[in-house]
Amino acid sequence: MSIDLRNISKRFGDFVAVDNINLRIETGELVALLGLSGSGKTTLLRIIAGLETPDTGEVLFHGEDASAVSVRKRKVGFVFQHYALFRHMTVFENVAFGMRVLPRRERPAEAEVARRVHELLKLVQLDFLADRYPSQLSGGQRQRVALARTLAVEPKVLLLDEPFGALDAKVRQELRRWLRRLHDEIKITSVFVTHDQEEALELANRIVVMNQGRIEQIGSAEEVYHHPANAFVYNFLGNVNLFHGRIENGRVFLGDTAVELENTHTHAHPDENGKAVLYVRPHLLEIVLKPNGKQTFPATVKSINPAGPQVKVELVAEWGDMVQVEISHERYEVLRLENGAHVFLQPKEQKLFVYQI
Amino acid sequence: MASQSEGTPKRPGTADPPAVRIALITIALAFVALFIFIPVIAVFTEALRNGLGAYFAAIADPEARAAIRLTLMTAAIAVPLNVTFGIAASWAIARFDFPGKQTLLTLIDIPFSVSPVIAGMLFVLLLGVRAPLGGWLADHGIRIIFAEPGIVLATIFVTFPLAARELIPIMQSVGSEEEEAAIVLGAGGWQMFFRVTVPNIKWGLLYGLVLCNARAMGEFGAVSVVSGHIRGHTNTMPLYVEILYNDFQFAAAFAVSSLLTLLAIATLAAKYYLGRRVIPVKQEQDDLAKVAA
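Order-wise, the sequence lines are chains H and X.
So the first sequence is numbered by the working numbering: it starts at -19 and just counts up by one.
So the second sequence is numbered by the working numbering: it starts at 11 and just counts up by one.
Some hints could be false.
In silico EDC-like pairs for lysine to aspartate or glutamate, Cα to Cα no more than 20 Å straight-line [unchecked claim]:
1) H:K270 <-> H:E318
2) H:K270 <-> H:E310
3) X:K212 <-> H:E73
4) H:K53 <-> X:D107
5) H:K53 <-> X:D71
What the hints contain is simulated information worked out from the structure, not anything from laboratory work.
Keep in mind that this is a model prediction, so the values were computed, not measured.
Given only the sequences and the hints, what does the whole structure look like? Please build it.
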């Protein structure tokens, strides 16, 4: 089932949680709402579910206005951040709940309920825990029970609020892959909220980057990561260095060194002079020992951390900004860097990102 | 560090010296013995002074039976009403934001801070035959003061914070996520209430019910003012005990008292049992919150 959000706004008192959002989610898609806390992503999810009423705008399910449809009739599955399992019921009863509250005519017979519950528990690989209570389960198990309980009502749309937020890193990795596989299997239109960019990039077909109640960019992982629409998106997706500079006559000056605006991704107008912010990711900077005719900036090595797949070097640029650079171990061997060494930073071409302020 | 700790006594720095501990425990136990154990034992010895036959005769007396019946009836009306009010008030306070919420919280406590006698007076002033409202009701043949309805009203007034006070913190700590989950899964309002809300608050609910019942049956002050002490009609058990005592029928007075004492002991036992069930629920909440964090 496709979902259409049209001009959705929602305020809580003076706080604008969702600010005029338009979004279309296609049938079978797995979409991530990515943003910091307070960006309005959870509110938007709750509006889709019908748990919140938007102040303006409409929600369309499969082209039909869902505003008049009550939450219980919307056929949405909602997985809560803290799972909201019924603590006084066993895992079995939790999963069976959605079937037990159906009107008597539609309610399946007890044998059918049991069959469905066990089928779903097998799907989430927890059949052996049917008689346990939620308090006896681990975080990851609770998450999967919550999912099974949601799927039991055969929702047309699956909504997940920070599905992995409360889990430790290892379990999170596993569940992420598992959810991806599950989605490939059952092809249900799914929307999940996350503040973790890695999670969004790995899991979603499309990512909706949100900030202060607005959508900053919608696109595939490839698009938002490599072609960010603006500085916020670039800054939000992955580590970045942030330099303060100024634009003069079509060039960006960082200290005494100038960069041609043409060599950057920019939203700055080359004819307008003024302050600018320049972003570059740590792995898109190269360290060289001598200026080699290309664009380079002088810097001094402050600290080196060779643990991990890449060597992390922290430097101070000539104009005072701290700079983080990631280089390969091979390169590190060649450079023989030491603290206090005077070196030069060379951006790998076309990857600087300039934003006028 | 090691050499320093060898020289000092094993008692940690924050513990009190044994003399202080023994003194405090002795004082506490002596108080309990003096004010609780001895009186309770006295009630039963006095009640049984003239033998078991006299004891049961005192209880089987028609006036005593009328008093017991009235007390049970009063509790049977007041307790369910209070529990209903308690659920409604705690639901409103825990789930909604509305103007006057703090005021409501304060107002709920009024019966605790007002002397029961004054509460009784209040009903007499409002509903007595000489008051406009009471007079109007009397003209239509409805008697409230010096009749059973007055007793029920006064009892409701003095007990009404009990269930609400117990339920508000539980409702707040349980939160509304499970209820939302029930609705999303297709449950109707009543299904959500009986399948999710009530099971989550049931121990607190029972705890409040027990407290409320004990107070309803034992209330003296407020009920005394509105009752009129009509023998066989408007005497509750506590009022009847006073009458017997004033008539120098000590054994009978203590016999009826012993019933109220037994109620108190049963209440205490129920309270202890339920209190142990309420706390694990709160504990589990905290655990869940910790896992989540």
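key: Hint numbers not upheld by this structure, sorted from lowest to highest   = 4, 5
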